[in-house]
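So the chains spell out like this:
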Amino acid sequence: MENVMNQKDQPLAIEAVDLVKRFGKHRAVDGINLAIPQGTVYGFLGPNGAGKTTTMKMLATLLKPDGGTAKIFGHDLFKEQDAVRACVSLTGQFASVDEDLSGTENLMLIARLMGYTRSDSKDRAAELLDAFDLQDAAKRQVKKYSGGMRRRLDIAASMVVRPKLLFLDEPTTGLDPRSRNQIWDIVRALVSTGTTVLLTTQYLDEADQLADRIAVIDHGKIIAKGTSSELKASVGTGILHVRLIDAAARAEAQQLLSTTLGTPVHLSSDPSALSAQLSDTDHAAKALTMLSDHQIRVSEFSLGQPSLDEVFLTLTGKPAEDSPQKEGALE
Amino acid sequence: MNSEQQLNKMRAALVDHKRPPHPSGFTTSLAFAWRALLKIKYVPEQLLDVTFFPVMFTLMFTYLFGGALAGSTADYLQFLIPGILVQTVVFTTVYTGVSLNEDISKGTFDRFRSMPIWGPSPLVGALLADTVRYTLASIIVIILGLILGFRPAGGVLGVVAGIMLVLIFSFSLSWVFTMLGLILQTAKAVMGISMTLLFPVTFASNIFVDPATMPGWLRAFVNINPVSILTTSLRQLMGGQVNWMQIIWVLIVSAVLILIFAPVTMYLYRNKR
Chain V
7 MENVMNQKDQ PLAIEAVDLV KRFGKHRAVD GINLAIPQGT VYGFLGPNGA
57 GKTTTMKMLA TLLKPDGGTA KIFGHDLFKE QDAVRACVSL TGQFASVDED
107 LSGTENLMLI ARLMGYTRSD SKDRAAELLD AFDLQDAAKR QVKKYSGGMR
157 RRLDIAASMV VRPKLLFLDE PTTGLDPRSR NQIWDIVRAL VSTGTTVLLT
207 TQYLDEADQL ADRIAVIDHG KIIAKGTSSE LKASVGTGIL HVRLIDAAAR
257 AEAQQLLSTT LGTPVHLSSD PSALSAQLSD TDHAAKALTM LSDHQIRVSE
307 FSLGQPSLDE VFLTLTGKPA EDSPQKEGAL E
Chain A
443 MNSEQQLNKM RAALVDHKRP PHPSGFTTSL AFAWRALLKI KYVPEQLLDV
493 TFFPVMFTLM FTYLFGGALA GSTADYLQFL IPGILVQTVV FTTVYTGVSL
543 NEDISKGTFD RFRSMPIWGP SPLVGALLAD TVRYTLASII VIILGLILGF
593 RPAGGVLGVV AGIMLVLIFS FSLSWVFTML GLILQTAKAV MGISMTLLFP
643 VTFASNIFVD PATMPGWLRA FVNINPVSIL TTSLRQLMGG QVNWMQIIWV
693 LIVSAVLILI FAPVTMYLYR NKR
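If you read the protein sequences in the order shown, they are chains V and A.
This note's numbering runs 6 ahead of the 1-based position in the first sequence.
This note's numbering runs 442 ahead of the 1-based position in the second sequence.
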């Protein structure tokens with residue numbers, strides 16, 4: 007049993023066995039097992055409607071599972087709901103702050119609900135707004151915030167009393183690159199203070215950047231899990247991209263590469279570019295030498311790890327594209 | 443934001459603070475009531491239903507029908523004001539369900555439901571805040587009545603007791619609309635269905651006319667209609683009589699409403715996905 011072994015190594019923040027959630031006939035979550043060590047970032051990666059949010063909602067006590075068991079910091083998800091709720095905090099896919107209230111009022115409300123007195127809640131709100139660079143917007147209604155500000159306030163609201171476990175549901179969906187980087191910095195800072203984070207994302211580079219371990223979820227099932235490098239390694243060690251000076255030589259180059267490397271060579275949409283999977287990165291040098299021996303001149307080349315996009319393609323047989331119209335019905 | 447200074451500030455704000463003791467259900471309910479009242483500050487228009495409508499209804503019924511129904515508008519006012527007070531407040535309860543539905547359709551409630559607080563407090567808090575709205579509506583009706591010539595024999599005490607009774611009944615009744623707010627998909631649907639329920643219940647009552655001239659089957663309904671019982675109690679209290687049987691009936695109906703609809707509402711709230 008994987009779970010028992012892990013427990014010996016490291017205390018677990020989340021331990022779930024065979025979680026199932028059905029909506030009518032549809033099995034939104036279809037037997038998910040998790041063993042997430044404390045103090046780490048765990049990423050759920052998958053397209054819309056894969057069951058990421060549903061799983062998260064069950065672990066946050068918002069949805070009752072139809073099967074399976076789970077423990078959050080050793081507390082049974084069903085029998086000790088209050089103890090579980092005292093450990094976790096949730097920030098939703100659609101910002102779970104109150105749009106009609108100001109930033110200060112939102113944080114004061116959460117602080118009051120956590121047991122702060124009125125004046126302490128005011129101080130805590132001011133401290134958090136300052137920490138999350140929202141002090142200038144403190145008195146503004148949240149509906150006038152930008153997407154990034156809203157997300158930061160949402161996370162700040164979860165940090166009024168720092169939870170042991172934070173659920174971040176698609177923290178950067180719809181944000182511009184700068185706001186996205188800010189959120190990533192925040193998540194790293196949270197983890198450095200000891201919070202365990204479970205995040206869902208559709209962005210492969212986000213999982214790559216933040217998560218210690220990743221579970222790839224599709225149709226309610228975990229189809230692969232491991233570190234980002236493990237997942238990439240399962241696809242192959244790397245990819246060689248080559249761009250030729252003379253596009254006319256591409257056919258010859260393709261033949262040369264495929265005989266040298268022994269793997270299929272793909273022609274890109276760029277008429278002078280081609281790429282090949284490598285079973286061993288040492289072969290790259292050999293392949294380039296071979297091209298120059300045949301007077302095929304190369305304008306640029308690169309050796310890269312496969313992207314998580316390619317991982318997803320290999321695992322599911324289809325690209326990591328989402329189907330937005332399914333989202334509302336399923337999650 | 444990306445500066446080291448900002449990150450240090452953040453880490454400082456996140457290191458373990460002493461966790462305050464868990465608040466009581468009463469405290470958390472009050473916090474939610476505070477939240478609802480703050481919304482009035484930002485959207486004062488939402489008070490329109492408790493200010494404009496009672497004024498309009500009172501004026502309309504007094505001057506359109508008063509003379510025909512009671513011989514003179516002055517006589518009709520003595521009869522109408524307690525009734526219009528009941529109608530105004532009862533209609534205001536619908537907005538409880540509508541605003542809850544709008545609230546839940548945003549993500550805010552997911553956070554509340556995953557917090558270690560007394561489960562019903564978001565709902566109880568919202569209902570408490572609505573009691574403030576009901577009180578406001580009551581005061582407006584009474585003041586307008588006094589201006590027009592309403593002279594309650596029960597004095598201040600009778601009027602206050604009457605308002606209290608309406609508040610108790612409305613708090614209980616609003617659980618029905620809170621339940622509808624959780625069952626129905628859109629705020630529009632909540633509004634539509636609630637109004638469909640409320641129109642017959644408020645008009646087929648003794649709010650506007652004495653049921654003596656109604657056909658027998660309708661009179662039978664009007665007489666057992668809780669809205670009629672409440673209106674009668676109010677007329678008596680404001681008229682200076684205390685009829686304990688009537689008052690106890692109102693309290694029983696209120697208790698039954700809470701006992702049935704509060705648990706159902708809470709069940710729906712906990713299991714809402």
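Hints in this document: simulated from the structure, not taken from any laboratory.
Note that the structure is predicted; figures quoted are calculated from it, not measured.
Just to be clear, a hint being listed does not mean it is correct.
Derived CB-CB ranges, DEER-like [what the hints assert, rightly or not]:
1) A:666 <-> V:126: 38 to 46 Å
2) A:666 <-> V:129: 35 to 43 Å
3) A:714 <-> V:274: 27 to 35 Å
4) A:660 <-> V:85: 30 to 38 Å
5) A:457 <-> V:182: 46 to 54 Å
6) V:85 <-> A:706: 50 to 58 Å
7) A:642 <-> V:150: 37 to 45 Å
8) A:484 <-> V:187: 54 to 62 Å
9) V:187 <-> A:490: 42 to 50 Å
10) A:714 <-> V:277: 32 to 40 Å
11) V:85 <-> A:642: 24 to 32 Å
12) V:129 <-> A:486: 28 to 36 Å
Keeping only pairs whose Cα atoms sit at most 30 Å apart, straight-line, the calculated DSS-like set for lysine-lysine is [what the hints assert, rightly or not]:
13) A:630 <-> V:238
14) V:77 <-> V:231
15) V:77 <-> V:145
16) V:85 <-> A:481
17) A:630 <-> V:150
Every residue, glycine too, gets a C-beta built ideally from N, C-alpha and C.
Now for the hints, and whether the structure bears them out:
1. A:666 <-> V:126: 38 to 46 Å: violated (52 Å)
2. A:666 <-> V:129: 35 to 43 Å: At roughly 56 Å between Cβ atoms, residue 129 of chain V and residue 666 of chain A fall outside 35 to 43 Å, so the hint is violated.
3. A:714 <-> V:274: 27 to 35 Å: The hinted range 27 to 35 Å is violated for residue 714 of chain A and residue 274 of chain V, with Cβ atoms some 49 Å apart.
4. A:660 <-> V:85: 30 to 38 Å: For residue 660 of chain A and residue 85 of chain V the Cβ distance comes to about 54 Å; the hint is violated.
5. A:457 <-> V:182: 46 to 54 Å: violated (30 Å)
6. V:85 <-> A:706: 50 to 58 Å: Check failed, 24 Å falls outside 50 to 58 Å.
7. A:642 <-> V:150: 37 to 45 Å: With a Cβ separation near 43 Å, residue 642 of chain A and residue 150 of chain V satisfy 37 to 45 Å, so the hint holds.
8. A:484 <-> V:187: 54 to 62 Å: For residue 484 of chain A and residue 187 of chain V the Cβ distance comes to about 32 Å; the hint is violated.
9. V:187 <-> A:490: 42 to 50 Å: With a Cβ separation near 45 Å, residue 187 of chain V and residue 490 of chain A satisfy 42 to 50 Å, so the hint holds.
10. A:714 <-> V:277: 32 to 40 Å: Since the Cβ atoms of residue 714 of chain A and residue 277 of chain V sit about 55 Å apart, the hinted range of 32 to 40 Å is violated.
11. V:85 <-> A:642: 24 to 32 Å: violated (46 Å)
12. V:129 <-> A:486: 28 to 36 Å: Holds, at about 29 Å.
13. A:630 <-> V:238: violated (50 Å)
14. V:77 <-> V:231: holds (20 Å)
15. V:77 <-> V:145: violated (40 Å)
16. V:85 <-> A:481: violated (36 Å)
17. A:630 <-> V:150: holds (25 Å)
Of the numbered hints listed earlier, those contradicted by the structure are 1, 2, 3, 4, 5, 6, 8, 10, 11, 13, 15 and 16.
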